[in-house]
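Engineer: So the sequence shown is numbered by the numbering used here: it starts at 4 and just counts up by one.
Treat the hints with caution; some may be incorrect.
What the hints assert, rightly or not - Straight line, CA to CA, 25 angstroms or less: simulated SDA-like cross-link-like pairs of lysine to any residue:
| hint | residue 1 | residue 2 |
| --- | --- | --- |
| 1 | K24 | G62 |
| 2 | K67 | M4 |
| 3 | K5 | K67 |
| 4 | K52 | K5 |
| 5 | K96 | G62 |
| 6 | K52 | G75 |
| 7 | K67 | L110 |
| 8 | K24 | S105 |
| 9 | K96 | L110 |
| 10 | K24 | Y86 |
Keep in mind the hints are simulated off the structure, nothing from the lab.
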Amino acid sequence: MKTQSTTQLIGYLGSDPVTRKAVNGSTLSRLRLATDYYRRDNSGNTIRKVTWHDILAWGHLAEKVSGNFIKGSHVLIQGQIQYRTYLDHEGHKRYITEIKASTILNLDR
């Protein structure tokens, strides 16, 4: 049986994309995407919850991102969910969840 760990997100960029060359020479763009949802608390008040997502775009997609998206852009992102760990400057193990984008569409246009 085939499995997959893909997702589709629609939200707004919280900052301009940061684009650079990776160690392997590929172009990499990092984006911060905000999505939200609403729920009611026990008193019936509507509460807005915002979730921030770390998005990675590589290669040609990264180059497209760097010239066409800015903070506040309304975007659709499809990609693969990735989990990784690293050691911070104090030697503590940290966990990161990222989306490796395969599609990024500008919904403002």
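Engineer: Which earlier hints turn out false for this structure, listed by number in ascending order?
Structural biologist: 2, 3, 4, 5 and 9
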